[in-house]
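Peer 1: The lines below spell out each chain.
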Amino acid sequence: MIKKIKKKAQEEMVGFGLIIIIVAVILLIFLGFALRSQQKESVEDYEVNSFIQGFLQYTSDCRNNLEYLSIQKLIFDCNNNEICLDGRSFCDVLNSTLTGIVEESWDIKGDRPIKGYELKISSNEAETLLIKKGNSTGNYKGSMQDFSRSGNSVEIFFTAYY
Amino acid sequence: MQIMVMKTKKAQLKIQQMAFMLMAVTLFFVLVGVFVLVVKFSGLKESATALEEKNAMLLVTKLANSPEFSCGNGFGTNRVNCVDADKVMVLKESIEKYIDFWGVSNIEIRKIYPKIDSEIICDIGNYPNCNVIKMRSKEGSGTDLSNFVSLCRKESFEGEIYDKCELAKIMVSYESK
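These protein sequence lines map, in sequence, to chains G and W. As numbered in the working numbering, the first sequence has no gaps in its residue numbers, which increase by one up to the final residue, 231. As numbered in the working numbering, the second sequence has no gaps in its residue numbers, which increase by one up to the final residue, 181.
Chain G with its partners taken away, still in its complex shape (with noise of 0.2 Å):
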């Protein structure tokens, strides 16, 4: 009687576990299809990606035989030790037109909400310009572009800290 009894109460422990496991396993596909369809697509920085673009067209006041330069033509032909007109080399005006076009654009004084940032040219992978100001804090957004010219390529980075 007491075998039979134990035998049952076994019996009812392993349907138990069966349960258990079956449960175990329903919870972890539940898991695996909510953790997947939280994989966010990356938002593009619009403001940021468009703070490149708009500054790449900006017309400095570098003036070669043919015209006054864009940033742009500044960054590509800065390695090359070119300079304006007026005896300023390529690198020195790139450096001192985006400082004030940065400093104008992310104001980081006072209570702002931007508290830093950082812009990055490298050109062939060497550094060619970095710009840093402020606190890099773990809240950031940030843009990249790149392009090339007869075999050049340049990448330029930016990164604001919130």
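Hints may be right or wrong, so weigh each one.
Going by beta-carbon spacing under 8 Å, a handful of chain G positions derived as facing chain W [unchecked claim]: (1) Q79; (2) V94; (3) L96; (4) Y127; (5) G156; (6) D161.
Honestly, the hints are just simulated from the structure, not real lab data. Glycine included, every Cβ here is placed at the ideal spot set by N, Cα and C.
Since the structure of chain G is provided, determine the placement of chain W on it from the hints.
Peer 2: Same frame as chain G, but now just chain W:
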């Protein structure tokens, strides 16, 4: 008789056990469901905010690249996020005809760099020596959105025409629905 009572009691116990088991399993499933729902909907507000931000930016970008504002091929190759200032000044004169077309209450273009300390609102008399192009003189109410653009115009130097592009922000006000 005694055996019958004992059997009935055992059966009742079994039914009770079964009921408890069913309740426990149901409760477990409900808890799992609640957990899954919490995990799934925790990021919903963030997603909604991101989507709203994305749509707003798309509206401003769409406006900057619309034929009425964009540089088109007037400044060499086709440029993205480039606004033709000369075109905008002409459009400003007949903006009332267009304002419902874009579904916005006001459009403003503000030069960022080079910086002019005081705010000079552009009109036909002082253009291009100004820094704010207000498409409508009345203040727009509702939500304000902005995005960076390149503000280009034709300039002359020693009798030679060249393209002059400056950095600006296009600001759009629209009535929130």
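Peer 1: The structure should be examined with respect to each hint, and the outcome stated for every one.
Peer 2: Evaluated hints:
1. Q79: violated (15 Å)
2. V94: Not OK, violated: G:V94 not within 8 Å of chain W, min 12 Å.
3. L96: holds (5 Å)
4. Y127: holds (5 Å)
5. G156: Violated: closest Cβ of chain W sits about 18 Å from G:G156, beyond 8 Å.
6. D161: violated (17 Å)
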